[in-house]
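J.: Throw the hints in and build the complete structure from the sequences for me.
Sequence order for the protein chains is A and B.
The UniProt record's numbering numbers the first residue of the first sequence as 1 and each following residue consecutively.
The UniProt record's numbering numbers the first residue of the second sequence as 1 and each following residue consecutively.
Don't take every hint at face value.
No more than 30 Å apart at the CA atoms, straight line, and that leaves these computed lysine-lysine pairs for DSSO-like [what the hints assert, rightly or not]: (1) B:2 - A:568; (2) B:6 - A:473; (3) B:87 - A:568; (4) A:618 - B:2; (5) A:196 - A:126; (6) B:47 - A:512; (7) B:71 - A:565; (8) B:2 - A:630; (9) A:332 - A:233; (10) B:47 - A:453; (11) A:453 - B:87; (12) A:568 - B:6.
Selected chain A positions facing chain B (Cβ under 10 Å, derived; list incomplete) [said to hold, decoys possible]: (13) 472; (14) 534; (15) 539; (16) 606; (17) 640.
Here are a few chain A residues that face chain B, going by a calculated C-beta distance under 10 Å [said to hold, decoys possible]: (18) 193; (19) 363; (20) 507; (21) 553; (22) 562; (23) 579; (24) 583; (25) 586.
By construction, these hints were calculated from the structure, which means they are not laboratory data.
Think of the CB as a built atom: it goes at the ideal place given N, C-alpha and C, for glycine as much as any other residue.
Read off the chains here:
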Amino acid sequence: MATDALRSQVAAKWQESFHRLNSDAPGISGLMNFSEAWAISTQYLYPWDINNASLDGGGKPFGKDLNVARPAFSLVNHSRRLPALLENFLDDMRQNFYLIENEINQFMERYEADEDTAEIDPLITKLMEWYKSWAPPQELGSTFFSSYTLNFQTRLFSALPPSFAHGFKKLCARLLSPPDDDHAQWDPNIHAEVWKNFEILGLIDRYESIIASVGYEFIENHVLSKCTGEWGKPMLEELRVWMSEKVVPWMLHVYARGASNAEEARSMLQGVGSRFDFHINKTLCDLRTREIFDIIIDFPDSMGALQDLKDCLQRVDQRANLVRSLRKSNQKRLLHPGADTKLILQQYVATIKCLRIVDPPGVLLFKVADPIRRYLRERPDTIRSIVANLVGDDDGGDSLVDENEPIQPLQQPEFEDYTDPQWEPEPIDAGPEFRTNKPGDILSTLVSIYDSKDLFVKELQVLLAQRLLMITKDNSDRVERERKNVEILKIRFGEAALQVCEVMLRDMTDSKRIDGHVQSQKESVVHPTIISRHFWPSLESSDMVMPGQFKQLQEDYAHEFNVFKPDKTLKWLPHLGTVQLELELEDRTIEVDVPPLEAAFIELFADQAIWTLDELVKAVGAVDRSAAIKALSTWVDHGVLKEDPENTFRLLERAEEPSEAVVRERDLAALPVVEDTPAISVAQQQQADQMRVYWKFIEGMLTNLEKLPLDRIQSMLKFAPGYDRSIEQLGDFMEAARREGLVVVRDGIWKLNK
Amino acid sequence: MKVTVKQWHAVAQWRWDTGHSEQDDDGEGDVCGICRVPYEGCCPSCKMPGDDCPLIWGECTHVFHMHCLLKWIGTAASKQQCPMDRKPWLTAERKVGSAPVS
Chain A
1 MATDALRSQV
11 AAKWQESFHR
21 LNSDAPGISG
31 LMNFSEAWAI
41 STQYLYPWDI
51 NNASLDGGGK
61 PFGKDLNVAR
71 PAFSLVNHSR
81 RLPALLENFL
91 DDMRQNFYLI
101 ENEINQFMER
111 YEADEDTAEI
121 DPLITKLMEW
131 YKSWAPPQEL
141 GSTFFSSYTL
151 NFQTRLFSAL
161 PPSFAHGFKK
171 LCARLLSPPD
181 DDHAQWDPNI
191 HAEVWKNFEI
201 LGLIDRYESI
211 IASVGYEFIE
221 NHVLSKCTGE
231 WGKPMLEELR
241 VWMSEKVVPW
251 MLHVYARGAS
261 NAEEARSMLQ
271 GVGSRFDFHI
281 NKTLCDLRTR
291 EIFDIIIDFP
301 DSMGALQDLK
311 DCLQRVDQRA
321 NLVRSLRKSN
331 QKRLLHPGAD
341 TKLILQQYVA
351 TIKCLRIVDP
361 PGVLLFKVAD
371 PIRRYLRERP
381 DTIRSIVANL
391 VGDDDGGDSL
401 VDENEPIQPL
411 QQPEFEDYTD
421 PQWEPEPIDA
431 GPEFRTNKPG
441 DILSTLVSIY
451 DSKDLFVKEL
461 QVLLAQRLLM
471 ITKDNSDRVE
481 RERKNVEILK
491 IRFGEAALQV
501 CEVMLRDMTD
511 SKRIDGHVQS
521 QKESVVHPTI
531 ISRHFWPSLE
541 SSDMVMPGQF
551 KQLQEDYAHE
561 FNVFKPDKTL
571 KWLPHLGTVQ
581 LELELEDRTI
591 EVDVPPLEAA
601 FIELFADQAI
611 WTLDELVKAV
621 GAVDRSAAIK
631 ALSTWVDHGV
641 LKEDPENTFR
651 LLERAEEPSE
661 AVVRERDLAA
671 LPVVEDTPAI
681 SVAQQQQADQ
691 MRVYWKFIEG
701 MLTNLEKLPL
711 DRIQSMLKFA
721 PGYDRSIEQL
731 GDFMEAARRE
741 GLVVVRDGIW
751 KLNK
Chain B
1 MKVTVKQWHA
11 VAQWRWDTGH
21 SEQDDDGEGD
31 VCGICRVPYE
41 GCCPSCKMPG
51 DDCPLIWGEC
61 THVFHMHCLL
71 KWIGTAASKQ
81 QCPMDRKPWL
91 TAERKVGSAP
101 VS
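T.: What follows is the structure, encoded as structure tokens:
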């Protein structure tokens with residue numbers, strides 16, 4: 001029920017509205033005017049179909065004459081009906097947006113059919129056309145316009161199918177990358193218009209991540225194609241130049257649109273620029289991380305790559321990745337039984353050098369080196385390889401230790417000196433066992449693979465002994481070379497450690513001096529090396545006796561020596577050394593260098609033409625049967641002896657099958673047949689010798705206690721002086737004893753074999 | 001066949017002729033009674049064996065590194081006696097070649 005109050009309120013409202021619309025025109029003429037203006041305005045704004053417009057007399061789309069519409073707009077505005085007009089306009093737009101949707105769908109269907117960005121390009125142009133045609137005129141004010149833009153964009157985005165994103169990305173990529181063939185003529189500004197359209201349609205904001213990913217991919221591709229396998233020079237700087245030339249102009253469109261001057265543009269680009277720069281670093285870093293193993297192989301030709309890696313790692317936190325990758329490729333490509341120890345050492349040294357460049361504090365190195373060092377420790381010939389390399393015994397291999405490096409004493413792991421003003425804390429990613437290695441001394445690092453340097457010194461002695469014993473009268477100048485070596489090694493390992501080597505060297509010069517004296521008294525073909533027995537590594541002992549003239553030669557020389565040095569005697573080591581022989585046979589003369597055992601045999605044949613193997617072995621004292629066969633086969637190879645029948649050897653005074661024999665003889669004469677097996681018993685054999693001492697203990701144990709398990713034997717042996725074997729070594733030894741039939745084992749219990 | 005040796009590069013060890021000539025080849029040989037280092041080694045104050053660290057023979061047939069013995073004799077506690085048998089130390093003439101059989 002309407003009350004009076006309500007009625008009067010409605011009346012007042014009515015009056016007010018009426019006045020607003022009617023202005024102060026007489027009657028309802030104002031109202032009529034407004035109505036007309038409204039109709040014109042809505043007609044003007046009506047979102048029409050641009051492909052299919054009805055034209056008015058002037059050739060323009062119907063009802064689109066701004067001159068007509070302008071007063072109408074102002075009247076509507078004056079009547080404060082603009083919001084209603086906007087509402088009406090947006091509603092019309094909603095109803096007619098299907099026109100645009102249809103158009104988009106047509107383009108996108110074609111695009112999906114052949115994936116050609118040529119379809120996206122006109123689509124954008126077309127959309128711009130729609131946008132511009134529907135846009136309300138400036139007269140309606142900025143609020144009106146921005147509402148329109150927002151509304152248009154919202155509808156547009158919802159109308160664009162998912163495949164558009166993909167197409168748009170490709171389009172962006174095309175806009176970014178210059179055609180491959182004409183870099184020079186390519187001008188990024190030709191696309192300025194397109195970018196502007198993107199901007200107006202709101203595509204840049206919406207697809208910002210896609211545009212960025214285009215940039216990233218572009219950078220990635222470029223880095224990979226330019227830098228893969230190119231390790232010679234640092235690439236980072238070049239890449240930065242490239243980026244500022246090729247990528248930055250593109251970025252200007254995307255990220256610095258609307259910048260009025262260079263200064264402003266720069267500040268707008270700062271954030272995104274550093275993101276892209278980071279991406280360059282990251283891509284390069286990943287690439288180098290993948291290549292690191294080969295980079296190390298190529299060192300020092302890969303200096304540039306390492307420098308890059310160092311710079312990149314400072315920006316990108318990929319250190320853990322690098323370690324992981326390198327460890328993995330080391331495991332796969334280096335630390336396997338097929339790799340030569342020398343090779344592993346070389347790669348290790350290269351790794352040390354490389355990673356010191358990348359990471360001077362050595363944290364990376366420490367992490368990478370650990371598996372290599374552990375692996376090397378398990379290899380039996382590591383020490384030998386290192387030592388051989390040290391004394392330049394390598395056949396053609398690169399020296400592990402840089403010759404330019406100053407020779408310096410080995411460094412022992414030292415405690416940190418906290419009073420040092422230059423002291424720096426360990427890097428944060430250093431593990432608890434991290435030890436700093438002072439850079440520069442590769443050898444210390446190699447030696448520190450093992451707990452003590454004694455092993456190296458022992459190996460050095462063995463090696464030196466071998467080399468010295470190979471020296472004959474003719475190449476005695478090599479002693480000087482060895483002396484130089486020893487002097488260098490003394491600096492490294494310390495004087496005391498190489499005292500023994502010093503004695504060995506002096507024995508060499510003494511031998512020469514003594515020989516000189518003896519020869520002056522009574523000439524002899526014998527030129528012995530006289531050694532001080534406690535200062536040479538243990539030599540294989542032999543019970544060989546030299547027959548015939550050799551014995552005479554030995555005795556004569558020993559006598560002369562005794563005259564010269566009355567308080568000393570000589571004890572021959574007949575199995576060592578070499579003999580130069582001349583054999584005069586009926587039809588030929590042969591001159592050869594052979595080991596003493598060979599010489600001894602042929603001497604026997606001088607008296608008697610046919611010998612059996614057993615007779616021969618007996619005649620020279622106790623020698624190994626296999627060694628004897630080997631020695632005899634040397635002569636068979638020379639065509640001097642013939643095995644006929646088996647184990648019986650006959651001297652060939654006249655060469656048989658002359659053609660073949662001569663050929664072979666010539667071949668062999670070219671190669672001096674010098675025994676090159678080490679005369680020094682190798683470490684393993686020495687160990688076995690030492691173990692023999694403990695065999696007495698074990699034998700006693702097993703006699704008294706009848707049977708024992710391995711760990712009991714081990715624990716009892718520990719009471720024996722100097723026993724330092726592990727239970728595994730003991731196990732091996734016992735196994736060897738079992739093979740010799742000394743003991744039997746059942747269920748892990750050892751018993752003497754009776 | 002005639003075998004002619006043109007040259008022989010042999011290897012030999014030297015030994016002191018201590019008189020106990022039949023010492024075992026493989027045994028460690030005799031050691032100096034003072035420093036317990038083999039005769040062919042050198043006394044603790046020497047670095048080079050052989051002529052630089054010679055032996056000394058006593059009338060009592062005991063043999064020492066000369067340096068070891070002189071040091072011993074130089075101490076007051078030695079009373080100029082051989083450390084092995086406490087007889088007054090008398091240096092023997094150097095034996096050449098033939099050693100008296102003890």
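J.: Taking 10 Å as the limit, does the beta-carbon of residue 562 of chain A come near enough to a beta-carbon in chain B?
T.: This hint holds: residue 562 of chain A lies near chain B, its Cβ roughly 7 Å from the closest one there, short of 10 Å.
J.: Would the hint on residue 363 of chain A be counted as holding, given a Cβ-Cβ threshold of 10 Å to chain B?
T.: Residue 363 of chain A check fails; min Cβ-Cβ to chain B is 44 Å, beyond 10 Å.
J.: Is it true that the CA of residue 196 of chain A sits at most 30 Å from the CA of residue 126 of chain A?
T.: Within the cut-off at roughly 14 Å; holds.
J.: Closer than 10 Å between Cβ atoms is the bar; does residue 472 of chain A clear it against chain B? Give me holds or violated.
T.: holds, 4 Å
J.: Just to be careful, I want the Cα atoms of residue 47 of chain B and residue 512 of chain A compared with a cutoff of 30 Å; is the pair within it?
T.: holds, 20 Å
J.: For the pair supplied as a hint, residue 47 of chain B and residue 453 of chain A, confirm whether the alpha-carbon distance does not exceed 30 Å.
T.: holds, 21 Å
J.: Taking the closest Cβ pair, is residue 507 of chain A under 10 Å from chain B?
T.: holds, 8 Å
J.: Double-check residue 193 of chain A for me: the hint is only fine if its C-beta lies closer than 10 Å to a C-beta in chain B.
T.: Since the shortest Cβ distance to chain B is 92 Å, the answer is violated.
J.: Run the distance test for residue 6 of chain B versus residue 473 of chain A: straight-line Cα separation, threshold 30 Å.
T.: Status holds; Cα separation ~12 Å.
J.: Residue 332 of chain A and residue 233 of chain A: Cα distance at most 30 Å?
T.: holds, 28 Å
J.: Given the hinted pair residue 2 of chain B and residue 568 of chain A, is their Cα-Cα distance within 30 Å?
T.: Not OK: residue 2 of chain B and residue 568 of chain A at ~34 Å, beyond 30 Å, violated.
J.: Straight-line Cα separation of residue 618 of chain A and residue 2 of chain B no greater than 30 Å?
T.: holds, 22 Å
Violated hints, listed in ascending order, are 1, 11, 18, 19; each of the other numbered hints is respected by the structure.
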